[in-house]
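Visitor: These are the residues of each chain, in order.
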Amino acid sequence: MSEQADWILAIVARLAVTSSVSNDPGDVSPSELRRLCVHLARSVLVTPRRAWADGSVAGHRHPERGQLMHLHDPISVQAAKYVKHVLDDGEWDADTTSLSDYLAELSEVVLDSQSDLYLEQDAGHWKLTFGRYSAVEAEDEGEPYTVVSFIPAKGLWLSGFRPERGRSYVASRGVVHDGRWIRVTS
Amino acid sequence: MDQGDIVRIAKLDRDLRSVERGLRNLPDVLTRRLEDRQGEAESDDRLADRLAFQDEWWNLIDRLDLLRIAYASGEMAAPQRRTFEALCPIILDDGPLIRDLGLRAPTPETLDVARQVAGRDIVTRSA
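Residue numbers (this note's numbering), protein chains in the order written: chain A, 3 to 188; chain B, 14 to 140.
Source of the hints: derived by calculation from the structure; they are not laboratory data.
Here the structure is a predicted model, which means the values were calculated and not measured.
Residues on chain B that point at chain A, a partial pick, calculated with CB under 7 Å:
#1 Arg34
#2 Ala61
#3 Trp71
#4 Asn72
#5 Asp75
#6 Arg76
#7 Leu79
Non-contacting residues of chain A with respect to chain B, defined by C-beta distances greater than 10 Å in every case (computed):
#8 Ala15
#9 His72
#10 Glu145
FRET-style restraints, in silico, Cβ to Cβ:
#11 A:Pro32 / B:Gly17: 38 to 44 Å
#12 B:Arg21 / A:Trp9: 46 to 52 Å
#13 A:Ser31 / B:Pro109: 46 to 52 Å
#14 B:Ala23 / A:Asp26: 40 to 46 Å
#15 A:Thr98 / B:Ala91: 30 to 36 Å
#16 B:Met14 / A:Ala15: 53 to 59 Å
#17 A:His72 / B:Ala99: 21 to 27 Å
#18 B:Asp18 / A:Ala15: 50 to 56 Å
#19 A:Arg16 / B:Arg94: 50 to 56 Å
#20 B:Ala23 / A:Arg51: 28 to 34 Å
#21 A:Leu113 / B:Asp57: 19 to 25 Å
#22 A:Ala125 / B:Pro40: 18 to 24 Å
#23 B:Gly87 / A:Arg52: 42 to 48 Å
Virtual Cβ for every residue (Gly too), placed ideally from N, Cα, C.
Take the sequences, apply the hints, and build the full model.
Guide: Here is the structure:
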């Protein structure tokens, strides 16, 4: 674990003891929360990590190197998620969204102090999910809602995508525990 | 047909492909998980892969449920209806895999439609 992990663990632990009341970051200050978000967006999100081509990635061309990918080919997690959610599932316009565009939008969601922020336990780890409607001026359920999730204490980015059910997806999953909104826009 | 119809049809096509690929991919996912369990402690890469897949699968089940609604309400074109109907036996056959992987099961409404379309009387419902 990196030497940065101590302060991250401390912030997450303090977030975790907050009440289940929405919009309650407990005693974590705005600047501490900002520091965590910057770390997640500018370091964790973009640090290449190994993944494997699954059925949604195989058959597509690598977004940077151009070669046709096969099942189980090694690939960075950033490229794998881009292929799955942009090229394969069409959650973004594949004609106008490059890999760097995709990552830039995810980064914006994490850095936006108005984005929703949800904390929950998943498989024994505290997971943070950021969420934001793509058009702030049109926050209805028809607008794409982008989620970006991390296991902060392990420095792991999990995924970034646009769930079908928008914001309601975030707190609806029955497989996680102790979920609470740290920040949620009305 | 207006632009809205074109967009809706394209999304249904895309969602059908996405869900079919997800369902057909499950045996491979289970194989990988079993290989992981035989190894040493789960690596962080594998942990992230597993948790991300679980979240994305949750969304796939929501997508499948919206397809079921589109199918039941007559919003699908004939080729799309045939594609959805071809998915129904796979939805039912994947039940044990979904359970073994600890993933979210299709909604009861989706399972009911799948059972009707596939002409099966017995379907396993699991959380």
